[in-house]
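S.K.: Counting in full-length UniProt numbering, the sequence shown runs from 1 upward without gaps.
Keep in mind that the hints were calculated from the coordinates and are not lab data.
Be careful, since some hints might not be right.
What the hints assert, rightly or not - For lysine-lysine, the following DSBU-like pairs were computed, each having C-alpha atoms within a straight-line distance of at most 35 Å:
#1 181 x 57
#2 170 x 148
#3 346 x 201
#4 170 x 181
#5 346 x 181
#6 170 x 67
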Amino acid sequence: PRQSCEYGSLGNVRLGDLKIAAELFHKHPPLLFKLGLPLLVQRTIARTIVLQEIVGKGRFGEVWRGKWCGEDVAVKIFSSRDERSWFREAEIYQTVMLRHENILGFIAADNKDNGTWTQLWLVSEYHEQGSLFDYLNRGMVTVEGMVKLALSVASGLAHLHMEIVGTQGKPAIAHRDLKSKNILVKKNESCAIADLGLAVKHDSVLNTIDIPQNPRVGTRRYMAPEILDDAMNTNIFESFKRADIYSLGLVYWEIARRCSVGGITEEYQLPYYDVVPSDPSIEDMRRVVCEQKLRPNIPNQWQSCEALRVMGRIMRECWHANGAARLTALRVKKSISQLGLQEDSKA
């Protein structure tokens, strides 16, 4: 049964706003996210959430499953010492026109003071399947499943990377920490890109990037060669997008390995599992990726399956040593879209 929401003791938020938000959340969550919520309503929602269980730990704290008005939500809790990270992620999620079915739906941000310490909350949609990393570890995927996962990640990334011009426009955004642990799997087996705390926005009018340019952020295993060897031109926003595409190629390799063809599937592994330690240093990665120019192995048996053959080609074009030679997210999206249509016509 759906629990009711208590509004009366929540200060000067308008009762009508909260009731509308609650109804939208029950009936049509995407519309609630699309509209975006006033800060006071965000704060009030956060204060009516009941935390249920911890579902993960990240770089900046814990992720909980919570209940709001009888519905599951995800609550990412930062400690007060990570206030800059919390503020940054909340700011990116509230970028105008960011909302997209393949980007995690943001609901609210709030700081909660219990008298002893302050917790900083980010509230978002809850996806019970967990991360793509968890999903791939649990089992294999079909060819159709692989195409759906890959297309949805490309769609989310293409939207992130795209600038929408106009008063209600959106800046181009680069993620900077794309990996299977930062992508969530939805109920319908498509993906939503999450963890935008390290993302950067591009102002095309001033041609500026909106944070101090420290290129070496993110997860070392997924860092592009130009980041590992300090050769990235951080004055050009395209450089950040190209580094995302390199990471995307590695994520695709993780997905494709779990694709079952003729009953054959390989166990889940992280990219470069066979050549670097479990927590590789920058130097470990630089030696393998830049000096030895190694990339994850594309098995011969992929040649016998059209979808895997195409995925292998896309991966190679994503993790090219020269960033300028890599595909764009939109090009990847179009190629996988065509692959999906071919697979549908066979079915």
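S.K.: Now tell me if each hint is right for this structure.
M.R.: Hints, verified against the model:
no.	hint	verdict
1	181 x 57	holds, 11 Å
2	170 x 148	holds, 26 Å
3	346 x 201	violated, 41 Å
4	170 x 181	holds, 26 Å
5	346 x 181	holds, 32 Å
6	170 x 67	holds, 31 Å
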